[in-house]
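S.K.: Sequence:
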Amino acid sequence: METVDREVRIEIDIVECIFTINGLSIQRVDVLENIEKLEKQLLRQKRRLSRKEQNSNNSKAVLEKIKKIENKLDNVYNDYMNKCISVVIKSNPTCVVIVENNQKFLQKYYEFVIRMKVRCKMHEIEFKVLNTYA
339 METVDREVRI
349 EIDIVECIFT
359 INGLSIQRVD
369 VLENIEKLEK
379 QLLRQKRRLS
389 RKEQNSNNSK
399 AVLEKIKKIE
409 NKLDNVYNDY
419 MNKCISVVIK
429 SNPTCVVIVE
439 NNQKFLQKYY
449 EFVIRMKVRC
459 KMHEIEFKVL
469 NTYA
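Heads up, the sequence shown is in my numbering, so the first residue is 339 and it goes up one at a time.
Any given hint might turn out to be false.
[Said to hold, decoys possible] Derived DEER-like restraints, expressed as beta-carbon distance ranges:
{"hint": "1", "residue 1": "Arg389", "residue 2": "Val437", "range": "43 to 49 Å"}
{"hint": "2", "residue 1": "Leu468", "residue 2": "Lys428", "range": "35 to 41 Å"}
{"hint": "3", "residue 1": "Lys455", "residue 2": "Lys375", "range": "27 to 33 Å"}
{"hint": "4", "residue 1": "Asn393", "residue 2": "Val425", "range": "43 to 49 Å"}
{"hint": "5", "residue 1": "Arg386", "residue 2": "Ser429", "range": "43 to 49 Å"}
{"hint": "6", "residue 1": "Arg382", "residue 2": "Asn420", "range": "24 to 30 Å"}
[Claimed, not checked] Straight-line C-alpha distance at most 20 Å; calculated SDA-like pairs for lysine to any residue:
{"hint": "7", "residue 1": "Lys406", "residue 2": "Asn396"}
{"hint": "8", "residue 1": "Lys403", "residue 2": "Val426"}
{"hint": "9", "residue 1": "Lys403", "residue 2": "Lys428"}
{"hint": "10", "residue 1": "Lys398", "residue 2": "Lys410"}
{"hint": "11", "residue 1": "Lys398", "residue 2": "Ser388"}
{"hint": "12", "residue 1": "Lys455", "residue 2": "Val467"}
Worth flagging that the hints you see were computed from the coordinates, not collected in a lab. Keep in mind that this is a model prediction, so the values were computed, not measured. Using N, Cα and C, we set each Cβ at its ideal position, and we do this for glycine too.
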């Protein structure tokens with residue numbers, strides 16, 4: 339019986355919610371719509387805050403709304419990253435290669451890389467990061 343080397347090559351664009359596994363691109367339109375809606379709400383609330391007097395009850399209420407929207411936005415990104423990671427892990431690869439390209443949301447991108455590294459270590463899968471820019 340031959341052992342087949344199953345190497346999974348991953349590219350992820352956190353901003354556009356495009357997830358590519360071995361050249362097969364998956365874009366989550368529902369996630370994008372939800373993110374756009376939340377970002378629009380966030381901008382609207384920030385504009386409202388700029389018109390309020392500092393440290394007033396009205397400004398505190400708007401700040402709470404801003405925090406709530408930011409938490410929802412974080413939850414959407416985290417959910418998307420966790421789903422992408424679970425898809426990769428369920429494919430049972432021997433090696434996972436993440437192609438690192440210039441990302442706008444570097445914090446979210448590195449968060450994804452760290453989570454993927456931890457999950458790969460848990461499932462005893464080899465993990466590599468390739469730099470496409472230098």
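S.K.: Decide, hint by hint, whether the structure agrees.
M.R.: Going through the hints against the structure:
no., hint, result
1, Arg389 - Val437: 43 to 49 Å, "44 Å, holds"
2, Leu468 - Lys428: 35 to 41 Å, "22 Å, violated"
3, Lys455 - Lys375: 27 to 33 Å, "32 Å, holds"
4, Asn393 - Val425: 43 to 49 Å, "46 Å, holds"
5, Arg386 - Ser429: 43 to 49 Å, "45 Å, holds"
6, Arg382 - Asn420: 24 to 30 Å, "28 Å, holds"
7, Lys406 - Asn396, "16 Å, holds"
8, Lys403 - Val426, "35 Å, violated"
9, Lys403 - Lys428, "37 Å, violated"
10, Lys398 - Lys410, "19 Å, holds"
11, Lys398 - Ser388, "12 Å, holds"
12, Lys455 - Val467, "10 Å, holds"
When the structure is compared with the earlier hints, violations turn up for hints 2, 8, 9 and for no others.
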